[in-house]
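Line by line, the protein sequences are chains R and B. In this text, residue positions in the first sequence follow our numbering: the first is 67, and each later residue adds one. In this text, residue positions in the second sequence follow our numbering: the first is 67, and each later residue adds one.
Everything labelled a hint here was simulated from the structure, so no lab data went into it. Please note: incorrect hints may appear among the correct ones.
Given that identical chains are not distinguished, each listed pair holds provided it fits within a single copy or across any two copies.
In silico BS3-like links for lysine-lysine, alpha-carbon gap of 30 angstroms or less [claimed, not checked]:
1. Lys-74 - Lys-118
2. Lys-143 - Lys-118
3. Lys-262 - Lys-122
4. Lys-122 - Lys-82
5. Lys-309 - Lys-284
Listed below, chain by chain, are the residues.
There are 2 protein chains.
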Amino acid sequence: MLPKSEVKYIQSLSQKKFRDEEGVFVIEGIKMADEILSSYSHLVRAVYATEKWIVKNQGKLTNSISVHELQTFELQKITGLSVANEVLVVLNKPTSIKFVPDENPVVVALDQIQDPGNLGTIIRTCDWFGVNQIICSPDSVDAYNPKVVQSAMGSLLRVTIEYKQIEQFINDHSMYTPCVAVLDGETYHDFLFPEKTLLIIGNESRGVSVSLRKIATKAITIPRRGEAESLNAAVAAAILLSKIRG
Amino acid sequence: MLPKSEVKYIQSLSQKKFRDEEGVFVIEGIKMADEILSSYSHLVRAVYATEKWIVKNQGKLTNSISVHELQTFELQKITGLSVANEVLVVLNKPTSIKFVPDENPVVVALDQIQDPGNLGTIIRTCDWFGVNQIICSPDSVDAYNPKVVQSAMGSLLRVTIEYKQIEQFINDHSMYTPCVAVLDGETYHDFLFPEKTLLIIGNESRGVSVSLRKIATKAITIPRRGEAESLNAAVAAAILLSKIRG
């Protein structure tokens, strides 16, 4: 039986404040647990799972991992999903890797992205195209939010995500050309992306903030052929990344 | 005061069964209500809104629309959102437009798409790129699911979505070349999309079903440069559409 204090502890990790204090986050589900235990087991603190899952995955559970066998109704108490999966893992946030411009021809900057699904999808898309560094403005959604984790999957552990003012990054790294994605810029087809590109994607409803538009050297657009008012932020990021890194 | 029966009626519309029986669906929020009332007011059956919203939008509310002024706590009872917005609209599903191949160089087919956010995003992306016809396999998520509506926005009323076997569409429309998006096909950069393309996007975890892969004439791939296991289905659709229709 899982003690009440531990139930409360895991529940508290749905909030950013407690994730930050503890330096941990939660992943759920067989597929993601499998990826984490295969490639990132050094980050795993604790596993909460059904007997069936534990028997099947015994070989991956090193001594440093605290393993808790739970009944389904107990898992249901700690899950962030509507229906609990067979396994929930608490793991340490990865330590940030020092940013090396030479290894990053493209950096993606997100200006006040609010939707966790969008952030997760952008992280996964960056990972697909070999973009390893994302800058999020401090008022963006937290990358360890359970919904971000769910849509980013293992990519969350491969892409470094740093929360800081995008203006600060631009000041500190003048070798990058800041390019904003907007509705009225240069068509991206004909656009020759600079050798070092900082691709700036704006907020879901307001787009890129005025101050960043002023600083940006280039403004690029995905031309509209139909009638939708805008493209989803993750979709816009993906189309531009496929052009830069395709 | 909204009668209990009406509260129940609106709540029931969160389920596909009742939406189908009534031929209606629900949209919520100021932005979407504005778009619906400006361009599709002939579809609107009823509006449930705060006094403030009604005063502001009086000019758009024709006589055929049944308008209900509600207190915020009453709106909270009928909303599908966690916090009710100022306005909720019940409207008729648009009647399908007869499919004319001559007007549709590209048709998108979705094979068992399950995530409502993905379907909504794909509908909006199709609308952006001027693709007006989507075929969903019968076991795909319902296009009038509230979460699909929320991410598709007004595009749901401009793009025709038909639920039928994709194999059936291929049999009936031999002028279209069926192209599946897969992980091991021809690189999409070098791929010359046929004059009439049926772009088939697969299920989020299983990809395109084996039977459709066998029928498809072409298999295309977005090359991976990093380590993510796969691309999100809506992202893959968007990147390929940007290539075909960009």
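Hints and how they fare:
1. In this homomeric assembly, Lys-74 and Lys-118 come within 30 angstroms of each other (Cα to Cα) only inside a single copy, at 24 angstroms, whereas the closest approach across copies is 41 angstroms.
2. Proximity of Lys-143 to Lys-118 under the C-alpha cut-off of 30 angstroms is restricted to the intra-copy arrangement: shortest distance 18 angstroms within a copy versus 41 angstroms between copies.
3. For the homomeric pair Lys-262 and Lys-122, neither the shortest alpha-carbon distance inside one copy (46 angstroms) nor that between copies (48 angstroms) is at most 30 angstroms.
4. In the homo-oligomer, the alpha carbons of Lys-122 and Lys-82 never lie at most 30 angstroms apart, since the shortest distance is 32 angstroms inside one protomer and 38 angstroms across protomers.
5. In the homo-oligomer, the alpha carbons of Lys-309 and Lys-284 lie at most 30 angstroms apart both inside one protomer (15 angstroms) and across protomers (22 angstroms), since each shortest distance falls under that limit.
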